[in-house]
Amino acid sequence: MKELITSLANRYGVRDWKDLKAGQAACFVDSGRLRDCLRWLRDEAGYAHLSFATAIDQLERGVFTLTYALRNHERGHSLLVHSEIDRTRPVVDSIHRLWAQAWTYQREMKEWYGIDFPGSPRVDEEFVLEGWQGPPMMRRDFDSLAYSDATYAERPGRASSDPAEHMKRELYPEEQA
Amino acid sequence: MITAILTRVGYALVSLFVITNYGLLLIGSMARISAKVQGRVGQPVWQPYLDIIKSTAKRNSISHGVMFYLGPVFRLAGGVGTYLFIPAVFGSALFRNFSDSGDLLLVMYFIFFGQLGMALGASEGGHPYSAIGVSRGLAQMTAFEVPFALSVIAVAIQYKTLDITAIVAAQQGGFLHWTVATNPVAVVAALIAFLGMSMHNPFSVVIAPQEIPIGPPTEYQSNLLGMLQTNRAIFNGAKLVLYMNLFFGGATSLPVMVIKTFLIYFINVFVGQAFPRLRVDQSIRFFLGAPTVIGVAGVIIALL
Amino acid sequence: MSDKHSIPGPLANEGLPLAERGLFCDAPPRQYQRANKITEAFWNWARAQSLWILGFGTGCGAIELRPLMTSRFDMYRYGIQPRPTPRQSSVFVIGGYASVKTLKRIVRSYEQMMGPKFVVALGSCTINGGMYWDSYNTIKRIDQYIPVDVYIAGCMPRPEALLAGFQELKRIIRAGRGEGQNEYARKFEWYKANQKQVIKDWNMPDYNW
Numbered sequence: 001m002k003e004l005i006t007s008l009a010n011r012y013g014v015r016d017w018k019d020l021k022a023g024q025a026a027c028f029v030d031s032g033r034l035r036d037c038l039r040w041l042r043d044e045a046g047y048a049h050l051s052f053a054t055a056i057d058q059l060e061r062g063v064f065t066l067t068y069a070l071r072n073h074e075r076g077h078s079l080l081v082h083s084e085i086d087r088t089r090p091v092v093d094s095i096h097r098l099w100a101q102a103w104t105y106q107r108e109m110k111e112w113y114g115i116d117f118p119g120s121p122r123v124d125e126e127f128v129l130e131g132w133q134g135p136p137m138m139r140r141d142f143d144s145l146a147y148s149d150a151t152y153a154e155r156p157g158r159a160s161s162d163p164a165e166h167m168k169r170e171l172y173p174e175e176q177a
Numbered sequence: 178m179i180t181a182i183l184t185r186v187g188y189a190l191v192s193l194f195v196i197t198n199y200g201l202l203l204i205g206s207m208a209r210i211s212a213k214v215q216g217r218v219g220q221p222v223w224q225p226y227l228d229i230i231k232s233t234a235k236r237n238s239i240s241h242g243v244m245f246y247l248g249p250v251f252r253l254a255g256g257v258g259t260y261l262f263i264p265a266v267f268g269s270a271l272f273r274n275f276s277d278s279g280d281l282l283l284v285m286y287f288i289f290f291g292q293l294g295m296a297l298g299a300s301e302g303g304h305p306y307s308a309i310g311v312s313r314g315l316a317q318m319t320a321f322e323v324p325f326a327l328s329v330i331a332v333a334i335q336y337k338t339l340d341i342t343a344i345v346a347a348q349q350g351g352f353l354h355w356t357v358a359t360n361p362v363a364v365v366a367a368l369i370a371f372l373g374m375s376m377h378n379p380f381s382v383v384i385a386p387q388e389i390p391i392g393p394p395t396e397y398q399s400n401l402l403g404m405l406q407t408n409r410a411i412f413n414g415a416k417l418v419l420y421m422n423l424f425f426g427g428a429t430s431l432p433v434m435v436i437k438t439f440l441i442y443f444i445n446v447f448v449g450q451a452f453p454r455l456r457v458d459q460s461i462r463f464f465l466g467a468p469t470v471i472g473v474a475g476v477i478i479a480l481l
Numbered sequence: 482m483s484d485k486h487s488i489p490g491p492l493a494n495e496g497l498p499l500a501e502r503g504l505f506c507d508a509p510p511r512q513y514q515r516a517n518k519i520t521e522a523f524w525n526w527a528r529a530q531s532l533w534i535l536g537f538g539t540g541c542g543a544i545e546l547r548p549l550m551t552s553r554f555d556m557y558r559y560g561i562q563p564r565p566t567p568r569q570s571s572v573f574v575i576g577g578y579a580s581v582k583t584l585k586r587i588v589r590s591y592e593q594m595m596g597p598k599f600v601v602a603l604g605s606c607t608i609n610g611g612m613y614w615d616s617y618n619t620i621k622r623i624d625q626y627i628p629v630d631v632y633i634a635g636c637m638p639r640p641e642a643l644l645a646g647f648q649e650l651k652r653i654i655r656a657g658r659g660e661g662q663n664e665y666a667r668k669f670e671w672y673k674a675n676q677k678q679v680i681k682d683w684n685m686p687d688y689n690w
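Chains as they are written, first to last, in the working numbering: chain A, 1 to 177; chain B, 178 to 481; chain C, 482 to 690.
Just so you know, these hints were derived from the structure itself, not from any lab.
Warning: the hint list may mix true and false statements.
Unchecked claim - Only part of the chain C face toward chain A is listed, based on derived beta-carbon distances under 7 Å:
id	residue
1	544
2	552
3	553
4	582
5	586
6	589
7	615
8	617
9	625
10	664
Claimed, not checked - Below, in silico cross-link-like pairs of lysine to any residue (SDA-like), each with a Cα-Cα straight-line distance of 20 Å or less:
id	chain 1	residue 1	chain 2	residue 2
11	C	668	A	154
12	C	518	B	230
13	C	668	B	230
14	C	582	A	145
15	C	673	A	155
16	C	582	A	136
17	C	677	A	126
18	C	681	A	148
19	B	213	C	550
20	C	668	A	50
21	C	677	A	138
22	B	213	C	548
23	A	21	A	111
24	C	681	A	130
25	C	677	A	148
26	C	582	A	80
27	C	677	C	629
28	C	582	A	126
29	C	585	A	130
30	C	582	A	133
31	C	673	A	21
32	C	677	A	80
33	C	681	A	150
34	C	673	A	126
35	C	585	A	21
36	C	681	A	129
37	C	681	A	80
38	C	585	A	128
39	C	681	A	138
40	C	681	A	134
A virtual CB, placed ideally from N, CA and C, is assigned to each residue, including glycine.
Put together the whole structure using the sequences plus the hints.
Right under this line is the structure:
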């Protein structure tokens with residue numbers, strides 16, 4: 001494990017290695033060297049399986065964190081490779097040639113976060129939404145409530161109450177008086 | 178002459194009315210018995226009537242052209258035709274229908290006729306499930322016709338006639354004269370074919386009731402569906418009466434007919450509640466296997 | 482309640498590609514006259530006793546229909562049974578939340594059903610959005626898009642509540658108030674406008690007989 005960390009650091013500038021638990025670790029790589037790093041991990045280090053790929057919106061820092069979960073089945077070890085891209089210019093290299101299934105995840109991220117993966121097959125097609133015209137809805141600056149209020153008709157008379165207060169009133173009415 | 182013909186027609190209509198109601202009640206009661214087996218209360222016995230009234234009372238219906246209308250008409254003609262050439266009660270003027278005009282071959286033709294007409298009409302609906310249902314239905318029908326035809330051949334050889342009234346007449350005089358006693362092997366083949374003909378479990382994949390592909394009637398609605406439901410009752414009754422006549426000595430009175438046909442229909446419930454559904458390819462292999470061999474054995478026994 | 486209601490012009494079916502427009506009808510739905518009082522009462526009685534559900538689970542609430550069908554609650558004894566095709570069914574059970582994507586299918590299936598047709602909407606989500614009240618993709622009131630006869634509140638409503646809802650539906654039908662089909666035809670433009678406001682990519686026929 002030690003030599004893997006060292007060679008990753010030397011080759012691709014991988015930093016922030018962190019053992020999360022037995023058999024699982026996380027590390028960070030710059031987005032420009034992401035694809036080369038993943039290829040090396042797949043071909044040379046035995047992390048041949050891409051479990052999933054997803055994105056996290058770090059609104060406060062103005063970045064998207066991309067996470068690629070790889071697994072080395074021979075050693076029984078999982079590795080989460082993190083990378084960050086600028087929120088205003090969300091473009092990153094596509095890895096669909098490394099793992100054929102990656103295009104599905106990339107299509108998902110394109111629709112939900114607006115992160116572009118140039119060259120990825122069908123990346124511009126609809127994934128789960130049909131006819132969506134608003135901004136990418138999983139971005140944290142997208143106001144779901146305001147969109148919902150503006151788009152969908154509401155039945156008047158809906159009220160919400162604090163569950164603790166409500167149950168107190170319901171169960172112990174004498175204490176209220 | 179005219180009076181005689183009109184009387185015959187009037188009698189036949191009464192007979193048809195009786196068998197329709199009997200068929201509907203039979204379907205309702207069997208559904209209720211099946212429900213009891215499954216530990217349910219089950220639908221009311223008269224539910225088939227309500228369904229037909231409801232279907233007829235629908236306000237609008239859609240059409241897919243002339244053939245689409247003709248499908249249920251052919252089906253109903255098949256059911257009514259099957260029934261009208263079988264004597265429902267042996268020796269009764271009211272329930273002998275037109276049995277002296279047609280014979281067993283005509284009846285067998287009518288059994289197939291309805292399904293073919295339905296195939297033409299249902300394909301016109303353009304729904305893929307209709308086409309799937311029709312092809313399944315025709316494939317399974319071709320398969321169960323083999324043991325059924327073999328047992329009919331055995332009966333024809335045994336009694337040296339195709340006239341159903343003559344076959345019933347030859348079986349009179351006690352239990353030991355029935356075909357089920359004189360050639361039980363042929364009857365076994367015929368009863369297995371009967372399971373396929375009734376489209377109950379395990380051979381219900383053709384109509385696959387209440388699932389995604391309902392089969393041929395997918396596009397049929399409103400009064401056309403009511404017609405198909407009515408036909409189902411008539412056709413059930415006709416098949417049961419035919420089986421009773423060929424293998425179980427016919428009936429000399431209406432109560433005997435009711436008891437015998439009820440018991441024959443009960444075989445469906447016994448088998449259907451005990452076995453899961455087969456796929457169409459499985460049921461075809463099944464019918465062309467053991468039942469066909471049994472049917473051939475029945476023919477050989479009749480020849481000996 | 483009249484056939485003489487002013488019939489708007491043929492539907493344009495603008496959402497469809499040109500080649501497919503001819504495959505669908507361009508006539509809007511029309512209202513149907515009721516039969517005379519006694520006949521209609523008899524028919525309504527039969528309709529109430531023979532409710533055929535469209536077996537199309539549109540949300541998580543569809544899971545409640547399974548115990549309803551099987552031995553524990555046995556809806557068959559009330560004359561309720563599932564049918565696989567909208568052509569033959571008379572009751573559409575909206576099973577909980579309806580996303581916009583599902584709403585497209587709901588509208589098409591509803592329009593394909595033969596009248597008189599009834600809609601039972603179960604779950605809080607169909608009433609006022611329920612727990613999806615702030616969702617970007619879930620409609621909050623199903624009765625803006627298709628006429629609803631009975632609402633069953635709960636999240637999820639138990640099968641007992643569903644049975645009670647079906648009994649209520651039977652009362653409504655027997656009283657002759659189950660006129661959702663005519664309602665849909667009468668306010669067709671309003672319903673269509675609501676539907677098109679939500680379904681942004683309208684790529685289906687305007688009225689799917």
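Status of the hints after comparison with the structure:
1. 544: Constraint on residue 544 of chain C not satisfied, violated at 21 Å.
2. 552: Violated - the Cβ of residue 552 of chain C stays beyond 7 Å from chain A, reaching only about 36 Å at its closest.
3. 553: This hint is violated: residue 553 of chain C lies away from chain A, its Cβ roughly 31 Å from the closest one there, beyond 7 Å.
4. 582: Residue 582 of chain C check passes; min Cβ-Cβ to chain A is 5 Å, inside 7 Å.
5. 586: Violated. Min distance 10 Å.
6. 589: Not OK, violated: residue 589 of chain C not within 7 Å of chain A, min 13 Å.
7. 615: With a closest approach of 4 Å, the residue 615 of chain C hint holds.
8. 617: holds, 5 Å
9. 625: Check passed: Cβ of residue 625 of chain C comes within 5 Å of chain A, closer than 7 Å.
10. 664: At about 17 Å, which exceeds the 7 Å cut-off, the nearest Cβ of chain A leaves the hint on residue 664 of chain C violated.
11. C:668 <-> A:154: holds, 19 Å
12. C:518 <-> B:230: holds, 17 Å
13. C:668 <-> B:230: Roughly 29 Å between the alpha carbons, so the hint for residue 668 of chain C and residue 230 of chain B is violated.
14. C:582 <-> A:145: holds, 19 Å
15. C:673 <-> A:155: Distance ~19 Å between residue 673 of chain C and residue 155 of chain A Cα, so the pair holds.
16. C:582 <-> A:136: With Cα atoms ~17 Å apart, residue 582 of chain C and residue 136 of chain A stay inside 20 Å; holds.
17. C:677 <-> A:126: holds, 19 Å
18. C:681 <-> A:148: holds, 14 Å
19. B:213 <-> C:550: holds, 14 Å
20. C:668 <-> A:50: Answer violated: residue 668 of chain C to residue 50 of chain A is near 53 Å, above 20 Å.
21. C:677 <-> A:138: Outside the cut-off at roughly 24 Å; violated.
22. B:213 <-> C:548: holds, 17 Å
23. A:21 <-> A:111: Violated, at about 32 Å.
24. C:681 <-> A:130: holds, 8 Å
25. C:677 <-> A:148: holds, 16 Å
26. C:582 <-> A:80: Not OK: residue 582 of chain C and residue 80 of chain A at ~34 Å, beyond 20 Å, violated.
27. C:677 <-> C:629: holds, 18 Å
28. C:582 <-> A:126: Holds. Residue 582 of chain C to residue 126 of chain A sits at ~12 Å (cutoff 20 Å).
29. C:585 <-> A:130: holds, 10 Å
30. C:582 <-> A:133: holds, 13 Å
31. C:673 <-> A:21: violated, 55 Å
32. C:677 <-> A:80: violated, 44 Å
33. C:681 <-> A:150: holds, 14 Å
34. C:673 <-> A:126: violated, 24 Å
35. C:585 <-> A:21: Distance ~46 Å between residue 585 of chain C and residue 21 of chain A Cα, so the pair is violated.
36. C:681 <-> A:129: holds, 11 Å
37. C:681 <-> A:80: violated, 38 Å
38. C:585 <-> A:128: Holds: residue 585 of chain C and residue 128 of chain A sit about 14 Å apart, inside 20 Å.
39. C:681 <-> A:138: holds, 19 Å
40. C:681 <-> A:134: Holds: residue 681 of chain C and residue 134 of chain A sit about 10 Å apart, inside 20 Å.
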